[in-house]
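Asks: Read off the chains here:
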Amino acid sequence: MSHESILIVDGLTMRFGGVVAVNGLSFAAERRKITALIGPNGAGKTTVFNCITGFYKPTSGVIRLTHDDGRNFHLERLNDFRISKKAKVARTFQNIRLFPGMTALENLMVAQHNALMQASGFTFLGLIGVPSYRAAERRAIDRAKHWLDRIGLIDRADDAAGNLPYGDQRRLEIARAMCTEPALLCLDEPAAGLNARESAGLSELLLSIRGQGTSIILIEHDMSVVMEISDQIVVMDYGVKIAEGAPQVVRDDAKVVAAYLGADEEEAAAVMESGA
Amino acid sequence: MSAPDLTHASRREAIAFILKNAFISAFVALVIFSLMIGVRTEAGPTGQLIYWTRFDDLATIVAVVFAGSIAVELLRQWWGPVGVVGAIAPSVQRGLDFAGKAAPPLLLIFAFLVPVLFYNQRYLLDLSILVLTYVMLGWGLNVVVGLAGLLDLGYVAFYAVGAYSYALLSTNFDLSFWMCLPLAGILAAFWGVLLGFPVLRLRGDYLAIVTLAFGEIIRLVLLNWESLTGGPNGVSSIPRPTFFGIPFTRGDDGFAARLGIEFSPTHRIVFLFYVILALALLTNWVTIRLRRLPIGRAWEALREDEVACRALGINITTTKLTAFATGAMFGGFAGAFFATRQGFISPESFTFQESALVLAIVVLGGMGSQLGVALAAVALIGGFELFRGFDQYRMLVFGMAMVLLMIWRPRGLIGHRAPTVFLKQNTAISAELAKEGRG
Ligand SMILES: Nc1ncnc2c1ncn2[C@@H]1O[C@H](COP(=O)(O)OP(=O)(O)OP(=O)(O)O)[C@@H](O)[C@H]1O
Ligand SMILES: [Mg+2]
Numbered sequence: 001m002s003h004e005s006i007l008i009v010d011g012l013t014m015r016f017g018g019v020v021a022v023n024g025l026s027f028a029a030e031r032r033k034i035t036a037l038i039g040p041n042g043a044g045k046t047t048v049f050n051c052i053t054g055f056y057k058p059t060s061g062v063i064r065l066t067h068d069d070g071r072n073f074h075l076e077r078l079n080d081f082r083i084s085k086k087a088k089v090a091r092t093f094q095n096i097r098l099f100p101g102m103t104a105l106e107n108l109m110v111a112q113h114n115a116l117m118q119a120s121g122f123t124f125l126g127l128i129g130v131p132s133y134r135a136a137e138r139r140a141i142d143r144a145k146h147w148l149d150r151i152g153l154i155d156r157a158d159d160a161a162g163n164l165p166y167g168d169q170r171r172l173e174i175a176r177a178m179c180t181e182p183a184l185l186c187l188d189e190p191a192a193g194l195n196a197r198e199s200a201g202l203s204e205l206l207l208s209i210r211g212q213g214t215s216i217i218l219i220e221h222d223m224s225v226v227m228e229i230s231d232q233i234v235v236m237d238y239g240v241k242i243a244e245g246a247p248q249v250v251r252d253d254a255k256v257v258a259a260y261l262g263a264d265e266e267e268a269a270a271v272m273e274s275g276a
Numbered sequence: 277m278s279a280p281d282l283t284h285a286s287r288r289e290a291i292a293f294i295l296k297n298a299f300i301s302a303f304v305a306l307v308i309f310s311l312m313i314g315v316r317t318e319a320g321p322t323g324q325l326i327y328w329t330r331f332d333d334l335a336t337i338v339a340v341v342f343a344g345s346i347a348v349e350l351l352r353q354w355w356g357p358v359g360v361v362g363a364i365a366p367s368v369q370r371g372l373d374f375a376g377k378a379a380p381p382l383l384l385i386f387a388f389l390v391p392v393l394f395y396n397q398r399y400l401l402d403l404s405i406l407v408l409t410y411v412m413l414g415w416g417l418n419v420v421v422g423l424a425g426l427l428d429l430g431y432v433a434f435y436a437v438g439a440y441s442y443a444l445l446s447t448n449f450d451l452s453f454w455m456c457l458p459l460a461g462i463l464a465a466f467w468g469v470l471l472g473f474p475v476l477r478l479r480g481d482y483l484a485i486v487t488l489a490f491g492e493i494i495r496l497v498l499l500n501w502e503s504l505t506g507g508p509n510g511v512s513s514i515p516r517p518t519f520f521g522i523p524f525t526r527g528d529d530g531f532a533a534r535l536g537i538e539f540s541p542t543h544r545i546v547f548l549f550y551v552i553l554a555l556a557l558l559t560n561w562v563t564i565r566l567r568r569l570p571i572g573r574a575w576e577a578l579r580e581d582e583v584a585c586r587a588l589g590i591n592i593t594t595t596k597l598t599a600f601a602t603g604a605m606f607g608g609f610a611g612a613f614f615a616t617r618q619g620f621i622s623p624e625s626f627t628f629q630e631s632a633l634v635l636a637i638v639v640l641g642g643m644g645s646q647l648g649v650a651l652a653a654v655a656l657i658g659g660f661e662l663f664r665g666f667d668q669y670r671m672l673v674f675g676m677a678m679v680l681l682m683i684w685r686p687r688g689l690i691g692h693r694a695p696t697v698f699l700k701q702n703t704a705i706s707a708e709l710a711k712e713g714r715g
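Chains A and B are the protein sequences, given in the same order. Heads up: the first sequence at position 260 corresponds to 260 in this note's numbering, and the numbers run straight through without jumps. Residues are numbered in this note's numbering as their position in the second sequence, beginning at 1, plus a constant of 276.
Do not take every clue at face value.
[Unchecked claim] Pair ranges (Cβ atoms, derived):
no.	chain 1	residue 1	chain 2	residue 2	range
1	A	ARG15	B	MET671	54 to 60 Å
2	B	ARG479	A	GLY162	19 to 25 Å
3	A	ALA192	B	ARG479	24 to 30 Å
4	B	LEU662	A	SER132	46 to 52 Å
5	B	PHE303	A	GLY42	44 to 50 Å
6	A	LYS57	B	GLY344	55 to 61 Å
Honestly, the hints are just simulated from the structure, not real lab data. All values derive from a computational prediction rather than experimental measurement. Glycine included, C-beta positions come from ideal geometry on N, C-alpha and C.
Using the sequences provided together with the hints, build the complete structure.
Replies: Below, the structure is given as structure tokens:
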């Protein structure tokens, strides 16, 4: 089991003063699979992401990440930027956080900072323009182009990210995360605000990312996306896990339906509908 | 458009709007100035309060504000909404683009020719050295404020560190200017890092206040550590720069005698001019290069969104510290130059006003734009001199010019940023990058 799972969360608790946002949560995300994390508003999903990616220090619990080569990382002990740099966990944000004044291409170049920094001899070699750095930069541009191509934004490469339509910004943020070459990609509501066509495109993109061997954890309210692409679903409510399993299993779970009914009729209806 | 009474109505609306604004401004002026100008108070011979009213002056001021407000609004309407670039005709836009491209090389050529053109005008030479010093300071601060987006109000501290480093090293250890220059830069960078550490977690206003305090602390230390810095008396008889060991003196081993030409004090001024020009160009070159390197992109990304940077594995701490250190280093170079040019320095030269002036240059130039900063330095420092004739109204005229400029161009003279890398065709980019890299 442990070698199958890329990420094991064990007894994760996150407390903010009196609020217990996450309470003893345990789950495992399988390697090269898409694990969806769903639940009503305020269930604590984003808080889990913030713990995994080092933005919050968990009150207690263990978060263990295992790379393909068997190397282990205790994410609760690593701090912020090292989680992306060393443990290779990338994320996107519920509210898009691009670099709006920089072009789409530049956004993807910034994502390759650590590799380029090394190639530039921590700036000194880059300053005098050694050929090896130029080659590295060319490779970085090629990678950026590859991703711009995949998200269909190659023609807008030189436009400021802030000028792109909303759906394009969502995809660009995913591409930017992918440019860090992550082992695990954490997506916080990537389909929020997308129309049906864009959602379908997003599903396709995520499946292709999984196909190339990157594991994904996905927070999403759009049940059509969740049911279509996830291999496994973890359902949270009030900071605890209330169900877990394959999409069909979760969909028919009485507790899940009740949680959504109690929280929001529209969402409950969405769950039922995709179940019907 | 077709209905005449519709435009009539909208015009009436516009007039009402302008009048309303003018009345509000006039009222605010009335409230503010009624006590400041309307009533004049003074202590009488026995210490009692004497006051008299000056309602005529007050009325004049309020009337001026009223009229001024109308004028500004009319100007605004005449210019159209701020920031509408599309309204400019394409041919004009093309002309502007061309001017933007042609300006840097032309300015550069002009800068190189300044000593030739104005050889006999000592005043202009001195002024251009001063302007270039501020261009360099502006470019240095631009790294911190314009690129990394860290509002630094204490930049003059590094200028001071550089100046005192050179002054003390040269007077105490007889080190030459060219030896001290890198040392001054390194010391200033070191202080930049020292300042950087405590303010890593601060942003915006808080950062500004702490850096301001840092600038004051450095000045006060210089003022009070008399055994080292000479306190308020400063450091005097700082060695003048030499032409790689040849001094600019009247004697037999002086520059003029060696070259077999007649001695002139202008030789040294010209030499100083080229030294500061070279230093400023070095600053510019390094900054332009850095912007295209990962560290420069990380600085700009930091300015755009710090949280996203962390999520991408960028070490915020070192990125901020390198920005502070780089900016401080250039400030240190400029400080060393200042010391050798003046031959005398004291804490008085490093007050907050200097920091504010350099920051004004960066903001006026357009955050992050190298050309903008250079133009702003010329405009601000040159403008200061230009308005000398206005005597006590100098600051007033100057302030008004600044306000108008900021209404007209709220993002600074050059309000756009050039991407550090772009894509058109694969081969074209790498050629472009390589070419600019060598330049
Ligand atoms: N920094 C914080 N300080 C205090 N309380 C917090 C903090 N972050 C989250 N919370 C609380 O934790 C709970 C869970 O929030 P969280 O953002 O994780 O929910 P979510 O499942 O992502 O909801 P949504 O679907 O609306 O995004 C909420 O009650 C929230 O108020
Ligand atoms: Mg959330």
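Asks: Take the hints in turn and mark each one as holding or not.
Replies: Consistency of the hints with the structure:
The hinted window of 54 to 60 Å between ARG15 of chain A and MET671 of chain B holds, with their beta carbons roughly 56 Å apart. For the pair ARG479 of chain B and GLY162 of chain A, the beta carbons lie near 20 Å from each other, so the given range of 19 to 25 Å is met. Distance hint check for ALA192 of chain A and ARG479 of chain B: the Cβ-Cβ separation is about 27 Å, which falls inside the suggested range of 24 to 30 Å. Range check, LEU662 of chain B to SER132 of chain A: about 50 Å between beta-carbon atoms, so the 46 to 52 Å window is met.
Separation of PHE303 of chain B from GLY42 of chain A is about 48 Å and conforms to the stated range, judged on CB atoms against 44 to 50 Å. Between LYS57 of chain A and GLY344 of chain B the CB atoms are about 56 Å apart, so this pair conforms to the stated range of 55 to 61 Å.
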